[in-house]
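A.B. asks: Just so you know, the sequences run in chain order C and R. Throughout the first sequence, residue numbering follows the numbering used here, covering 1 to 115 in sequence. Throughout the second sequence, residue numbering follows the numbering used here, covering 116 to 235 in sequence.
Think of the hints as simulated: they come from the structure by calculation, not from any bench. Quick caveat, the model's predicted, so the values are computed rather than measured. Each residue gets a CB set at the ideal place from its N, CA and C atoms; glycine is no exception.
Here are the simulated lysine to any residue pairs, SDA-like style, with alpha carbons at most 25 Å apart:
hint, chain 1, residue 1, chain 2, residue 2
1, R, Lys179, R, Arg125
2, C, Lys77, R, Lys156
3, C, Lys102, R, Asn166
To be clear about the criterion: a stretch of chain R counts as covered by chain C if any three or more of its residues have a C-beta under 8 Å from a C-beta of chain C, and this derived list gives those stretches:
hint, region
4, 157-170
5, 226-232
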Amino acid sequence: GNSVTQMEGPVTLSEEAFLTINCTYTATGYPSLFWYVQYPGEGLQLLLKATKADDKGSNKGFEATYRKETTSFHLEKGSVQVSDSAVYFCALRRGPTGGGNKLTFGTGTQLKVEL
Amino acid sequence: GAVVSQHPSRVICKSGTSVKIECRSLDFQATTMFWYRQFPKKSLMLMATSNEGSKATYEQGVEKDKFLINHASLTLSTLTVTSAHPEDSSFYICSARDGTSGGSSTDTQYFGPGTRLTVL
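Isolated chain C, as found in the complex (with noise of 0.2 Å):
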C-alpha cells in the first residue's frame, strides 16, 4: 500500500537557517506529491504540490523536488524566520487527478525556529 515516512521532530532552528525535512514515498503508479503546513491553531494548508517527476513544488521560499529514482519529496528553505514555525505533513495522492482524492500523510514534523 501507499505511505509516507516523514523524519521525526521536532526540528529547532536559528533564523535564517537552512531548513531540509526529509520525506520518502512508498506507492505504486505515480502518485502526486504534496507539502501541508499546520500553524498552530489553525487547519492544513497546502504549501506545494509536484504532480509528476522532476517536478519541483515552490511557494513562500519553500521549494521541493519530486525525485521517482529515490522516492523522494524532500522540503528545502534557504533562510527559515520565526513565522515559519510549524508542522510540516508530507503526503501523497495516489495518480496525478485520479485515486479518489484520497491522501495518505506522512507523521509531521515540528519546525521551531528561534531568534
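On the provided structure of chain C, position chain R as indicated by the hints.
C.D. replies: Only chain R this time, still in chain C's reference frame:
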C-alpha cells in the same frame, strides 16, 4: 483561500455518550468531505469520505455504526461518535474539496482546524 470550520474545537464527554462534530465549508460548496483522525505523533488517518446526498465510504477498519457521518448539504458534514469510550479520544480533522470548479482545484483539499475529543 477557501475556509473550513469545525465545531466544537474541544469537547469532553462521559463514556457512553454520543458527540457530534460539525464541519462547514464557509465560502465554497463542498461536494466531497473527508474525515481524519490523528493520534499523538502519528499521521492523519483517513476515516471516511462523504459525498453530499449519499452514504459515506468508510476506510477499512473504521466502524460505520460507531462513527456516523452525514453530509446533508453542500456546506455541512457531521461526524457523530456514538457511545464514546476513552479509546475514541483523539483529534478529529475534516477537509473539504471544492466541487464548484474544475481543473487543478479538484486536487486541493481545504482542512478544518480540528476537534479535540476527550472521553472520560
